[in-house]
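Go ahead and model the full structure; you've got the sequences and the hints to work with.
Heads up: the protein sequence lines correspond to chains P and D, in order.
Mapping of the first sequence onto the numbering used here: position 10 corresponds to residue 102, and the numbering continues sequentially without gaps.
Mapping of the second sequence onto the numbering used here: position 20 corresponds to residue 23, and the numbering continues sequentially without gaps.
Everything labelled a hint here was simulated from the structure, so no lab data went into it.
Everything numeric in this text was worked out from a predicted model, so none of it was measured.
Hints are not guaranteed to be accurate.
Stated by the list, open to error - With a cut-off of at most 25 Å between alpha-carbon atoms, the simulated DMTMM-like pairs for lysine to aspartate or glutamate come out as follows:
#, chain 1, residue 1, chain 2, residue 2
1, D, 85, P, 118
2, P, 139, D, 27
3, P, 130, P, 118
4, P, 130, D, 74
5, D, 30, P, 112
Chain residues, written in single-letter form:
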Amino acid sequence: MDPSSLQSPELQNFLNQQKERAMINEMVGKLTSACWDKCITSTPGSKFSSSESNCLSNCAQRYMEMSLMIVKRFQSMQ
Amino acid sequence: MDSFSSPPPHSGASSQFSTNDIMDQVKTQLEQAYAEQFLETVRDKCFDKCITKPGSSLSGSEGSCISRCVDRYIEATGIISKALFSQR
Chain P
93 MDPSSLQSPE
103 LQNFLNQQKE
113 RAMINEMVGK
123 LTSACWDKCI
133 TSTPGSKFSS
143 SESNCLSNCA
153 QRYMEMSLMI
163 VKRFQSMQ
Chain D
4 MDSFSSPPPH
14 SGASSQFSTN
24 DIMDQVKTQL
34 EQAYAEQFLE
44 TVRDKCFDKC
54 ITKPGSSLSG
64 SEGSCISRCV
74 DRYIEATGII
84 SKALFSQR
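If you want it as structure tokens, here you go:
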């Protein structure tokens, strides 16, 4: 392997992109799991009810809102 | 590892990796890891939902629960990403 190719800006850029993708992937995976447990309480049907799909999207958005609140809470303690 | 500092011992030019080869490799391996991880999660979730009282074999109703569960979990993943990234 040519060691200089590891330093190429193209590769660094690619790796940064993949890092970001991995973070997003992890976040979506974690939230899907948590929200599935909260929102899908009965046996899965052939279609989500509107309350189930609303619950899923509310769940994700409230999680983000809560994260912000928690950060602010910590900041106010300093 | 001296294969990094010295030229590859055999097979000449074809074993020289280009930046593109490295990126393709990384991409393929990440895809595979993501798929495996997703599969594992779906397995756990659907086992919880559908196999509530394990019998001596998978019943027909457990089987259909599993296919619906897989479909819904994939759909739920889509709903969550939409809620996170295309809101407001």
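Hint check:
1. D/85 <-> P/118: 15 Å, holds
2. P/139 <-> D/27: At roughly 37 Å apart (the allowed maximum being 25 Å), residue 27 of chain D and residue 139 of chain P break the hint.
3. P/130 <-> P/118: Cα-Cα ~18 Å, so holds.
4. P/130 <-> D/74: 18 Å, holds
5. D/30 <-> P/112: With a Cα-Cα distance of about 13 Å, the restraint between residue 30 of chain D and residue 112 of chain P holds, given a limit of 25 Å.
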